[in-house]
Each structure stands twice: as C-alpha cells, then as structure tokens.
Amino acid sequence: MRNTTNAEKLSKARIDTAQRSAKETASNGVVIDCNIDELYYSTFKAVRDTSIPVKKNRITAFIGPSGCGKSTVLRCLNRMNDLVRGFRFKGHVHFRGKDIYHPSVDATAVRRFIGMVFQQPNPFAMSIYNNVAFGLRLNSYKGPVAEKVEDALKRSALWDEVKDKLQKSGLSLSGGQQQRLCIARAIATEPEVLLMDEPCSALDPIATRRIEELMVELKTRYTIAIVTHNLQQAQRVADNTGFLYVDTSDGGRCGYLVEFGESGQIFNDPREQYTKDYIRGEFS
Amino acid sequence: MNTQDAAINPRITPGPPDPVGPEVNPFADVDFCELERSLRRPRTLVDLLLSNLVSAMTMLALIPLFSVVLMLLWRGGQRLSLDVFTQLPPAPMEQGGGFGNAILGTLIMVALAALISIPLGILSAVYLAQSRPESPFAGAVRFGAKILTGFPSILAGVFAYGVLVLTFGGYSAIAGGVALSILMLPTIILTAEDAIRMVPAKMRDAAIGMGATPTQTTWMVLLPTAMPGILTGIMLAIARAAGETAPLLFTALFSNYWLFRGGFDLKQPTASLAVLIYNFAGMPFDNQVDLAWVAALVLVLLVLVTNLIGQAFSRRQIHE
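Protein sequence lines correspond, in order, to chains A and B. Take the numbering used here: the final residue in the first sequence is number 1391, and no numbers are missing along the way. Take the numbering used here: the final residue in the second sequence is number 703, and no numbers are missing along the way.
Just so you know, the hints here were simulated from the structure itself, not pulled from any lab data. Treat the hints loosely; a few may be bogus.
[Said to hold, decoys possible] Here are the computed lysine-lysine pairs in the BS3-like style, where the Cα-Cα straight-line distance is at most 30 Å:
id, chain 1, residue 1, chain 2, residue 2
1, B, 650, A, 1162
2, A, 1249, B, 585
3, A, 1270, B, 650
4, A, 1197, B, 585
5, A, 1205, A, 1255
6, A, 1272, B, 529
7, B, 585, A, 1326
8, A, 1197, A, 1261
[Unchecked claim] Just so you have them, the derived chain B footprint on chain A, three or more residues with Cβ under 8 Å:
id, stretch
9, 1142-1153
10, 1204-1218
11, 1321-1328
12, 1369-1375
Glycine included, each C-beta is placed from N, C-alpha and C at the ideal position.
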C-alpha cells in the first residue's frame, strides 16, 4: 500500500461504502449472507470488515491480490476453516437465514449443502464412477446411484469423454477433465451452493474456457461463489463481484472488502480508487 | 533461439557471407581440447573411480545374499520332496521324515500374530496420523513403537512367557502368536502411519469438503488410498515374524506331532520352521541336518510367496 499513514482513515470510509453497497444488493434471493467483522488465525488477523451476500442462481466472484483473504472468506462459507488450528472469527455467516456457526450446527452437514471445488483438481484414487458416487455413498443414498452418476457427469460436460471408461482411475484423466470430475462429484449430491476456490488456476486456457462455460450453465441450478485472480474470468462469468484488498497499515496483512457490486459496475465504473487501480492493472 | 540473439552472437549463427573480406571461422577462438574427455583431468578421473566403486560395492553387498540363496537351493533343494510337507520330524537315527507340522505351526502362529497386530496396528496408525497427531500421548506411542522396532526378539518371548505361559500353564501356539505379534506391531504402526500421512492433503480436503465425517474420511478415502503402503508394512512384519526363533523357544517350544492331534487345539506346544531349523541344525545326524536345510529353503520360499502376493495385491489397488 502506497499511503500507509492515511490508510486507516481511508479504509474506514471505504468500509462504510462497501457495507452500504452490500446492503443495497442484499435485498432478495440471498442464499449466503456472510458478514465477517474480524477473522483470526491464532493471533494473526487475516480478514476484517468483509460482508458479501451470495445470491441465488448467480455467480459471485471474489477478486483481489494474493494474500488478501479471498480464499479464507470463501472457506468460511462452508466451515472448511474449522480444520485450521487457531481459526476464530467475529461476525456471522447465514445460510438461508440460519447461522452455520451456531453451536447446534453440524459442520459436516453444512458442507453437504454447500459443496466445494478446490484449486488443485483432487479426485480420489478410485474409479471415475466411484469418485462421483462418493457423496451419494456418504449419505447412504438408496436410490439409483448409476443414474445420478451419469446425470452429474453429463451436467459437468464430462460424460462423453468418460462414458466408456467409468471404471478407470480418476487420476488417469487430464487436469481439466479431473477438475470437471471434481465438479461432477460436488454436484452429484445436489448441493445448494458451489464454492470454487480458483478452480482454473491449475488449468490451461482451453480447459479454463470449458470450466467457465460450465459455471454459467450450472448457475441455473446452483448458486456459485468463486475466488479468482483472473480478472477477465470474473468479468466473463460473474454476476456480482467483491474486491478485497490487503491492509498493511498496522503492521499485519489484513484483508478487507473494498467494494462489492454488480460485475458490470465493478469493472466499468468502480467507485473506489483502489478498485480502479487494481482493475487497470496498476498493482497486483 | 530467436533471430535477435543470433544477430548479437556471431558464434551461434555466422553472419551472411561477406563478399569482400576473407571467410572467417566463427569458432576460431574455441579451444576444442577443452571439450575432449581426458583422464588427466582430476574431475574425470575422480568421476570414473567413484562410479566404478559404486558398482563394485553393490556387487560386494550382493555376494552374501546370493551365496545364502544358492546354498539354500543347493543343500535344501536336494531333499525337497512332497514328503517333507506331509510327514512328521524323524527320531534320531531314523531316515526320511519331514516337517509338515512345523510348516503348519508357523503358518498358524504367524496368522494368529497377524490377526492381533494388523487391526491393532492400523487403528493405532489412524490415531497417530489422523485423530490426534500432535498430542503428547501420540508422541509417546510413536516413540515407544520406534524403540520396539529394535526390540530384541528374545525379550518379546520372555514377556509372552511371563504373561501367558506361566499364567495359563504351558507352552502354546497362542503364546507363540502373541510373542510374534509384539514384534509385528511396531512395524505395522509406523509404516501404516507413514502411508496414511502420505495421502495427499488435497484428497483429505476433498472428502471433508464433500461433508464426510472424520470417520468416513478415514475409511472411505485415507485407508483405501494408503492401502499399498500399509500392505508393504504388513508384509515386512510377516516376513520378520515368520523367521523368528527366539520368541518361539519361550512360548510355543516345539512338538514332534501335528497340532490337531486329538482335536484341533491351540493350547499345546507347537512346532515351527524356525525352531525346527534351530534344533536340527545342531544335531549330529545327517538326516536332521539335511532336513534343517530343506526347512530353511521352505521358510524363505514362504516369505517370498507372501511378499509376491502382497505386491500383486497392492499393485492391483493402485491400477484400479
């Protein structure tokens, strides 16, 4: 950050704007209402003052420079951060109006409603079929598993490529196919929301395009939140975009939400100077 | 190399022929002697010597191994016949005979030991690798297991002797199995823990991200993925247990009869290949000494077969 002395004052004003814009958009159809006041890993303050509404059947993108906490925020939405020792946060995450961090809530149950696709394609070391059927088996699904598997593979645009080798290892596929397999695995159990943590960063441009097309198709059925540091990607697929930035003013590296709004507005007419600079590529 | 570089560096691509000046050799200033391989250069010499030393040492290390195997095949192979698998050990001065009861005894006691140590070992490994990897208790268990891998096997025998033989009055296959399981347990725990830890973290994340509980993650993802490594550990442990003599001397002792003499009973002294070799090798009778050689060969083959089966099994798992 170039102007560290004024940063705190500036960021205060920025938060106000960000929160106001968040409130304006958070009218109807918000599936996940995420409001993080302060998020710590042990004593390290990682994120502050970030509130992002994830709307139904929309793609919500989190953009920002490395280390600004976009993945951290995303992982809060299905309690993946529970695995990190020393994680705690002030604020709330509401999924369809219910606080998922309430003591009575089972984190594993939350993750069955809010699925996740990771940065590195991570199929299990088992057959393609069993990879997709994994979630169904977790829930001891009694219905027709084979149909569900086929359906999920079709919806993730992988069926034609793998229909003749369903018993082959999921690890034998190419990177892009593996990632689509992971998407198939995630949607086979019909989650409400799909969180995607830089799903294309390990893929080549053609595979990236396919995943992007897939996301746009999938949003008719699911709600998607995606972290990306590819601005064009956010521009291409996202309906809403939140821009996070790093505040280094008090010696730490604390991420916070600078601006949230419709993607068109964020990319063409950003309100904040930082957003403008970032989108113009003046820093990264 | 793009054209710009070539233009800058005339050594890589000579410029267009100059119609005026004489033809210039672009490599004139390179001393090709420097590129030739020469033993006068210390670097080359040292490399040659060390490379050959590595090969020589490998050969040297293989000599004892191959001599043992050749000796076993030569001395043991002569008497190898169906009889040794079906008949009982001969009395002194008696000709012929076999050690069918010892093979059966070894198989049963190793199986008993595996039955005890495999579930115990794998479940402990899950605890160490997955449930509480950094707790002081886990640290203590890990430390204990590491010490136990170097545990003198005779002490495992004495332990089982004190706990089982003295308490329940008598040498038995069960006591032998328990003594062997003490030797197998640390190997299984440590290799299985390693194998579970080697499962990529992203696979664990994937399972948890799907909403799997820790138990489901362990049984549906971690253990299947780690299975080849766990099997290797089990095979190592079995190979070690099958060849142990000392613990069995204190626990199963030996028997000249079939285990199922008068009904199948694990609570009686039991023969084993290792103790048979130990007993017969020191006898002044040729027949017994020959049988000891055959028994040694059979023991090695048993371990070999177990290992091959294990390898085939784990390879199938990987390719599935």
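Status of the hints after comparison with the structure:
Between the alpha carbons of residue 650 (chain B) and residue 1162 (chain A) the distance comes to roughly 71 Å, so the proposed pair goes past 30 Å and is violated. Distance restraint check for residue 1249 (chain A) and residue 585 (chain B): the Cα-Cα separation of roughly 28 Å lies within the 30 Å cut-off, and the hinted pair is therefore satisfied. A threshold of 30 Å between alpha carbons decides the hint, and for residue 1270 (chain A) with residue 650 (chain B) the separation of about 57 Å lies outside it, so the pair is violated. Pair hint residue 1197 (chain A) plus residue 585 (chain B) holds up; C-alpha atoms about 28 Å apart against a cutoff of 30 Å.
Simply put, residue 1205 (chain A) and residue 1255 (chain A) have alpha-carbon atoms about 29 Å apart, close enough for the 30 Å limit, and the pair holds. Distance restraint check for residue 1272 (chain A) and residue 529 (chain B): the Cα-Cα separation of roughly 44 Å exceeds the 30 Å cut-off, and the hinted pair is therefore not satisfied. A C-alpha spacing of about 25 Å is found between residue 585 (chain B) and residue 1326 (chain A), which places the hinted pair at or below 30 Å, so the restraint holds. Annotation: proposed proximity of residue 1197 (chain A) to residue 1261 (chain A) is violated, straight-line Cα distance about 41 Å (limit 30 Å).
With a threshold of 8 Å between beta carbons, the proposed coverage of the stretch 1142-1153 of chain A by chain B is violated, since 0 of its residues qualify and at least three are required. Restraint check on the stretch 1204-1218 of chain A versus chain B: 4 residues with Cβ-Cβ distances below 8 Å, three needed, restraint holds. Interface restraint, the stretch 1321-1328 of chain A with chain B: violated (0 residues with C-beta to C-beta distance below 8 Å; minimum three). Counting residues of the stretch 1369-1375 of chain A whose C-beta lies closer than 8 Å to any C-beta of chain B gives 0; at least three are required, and the coverage claim is violated.
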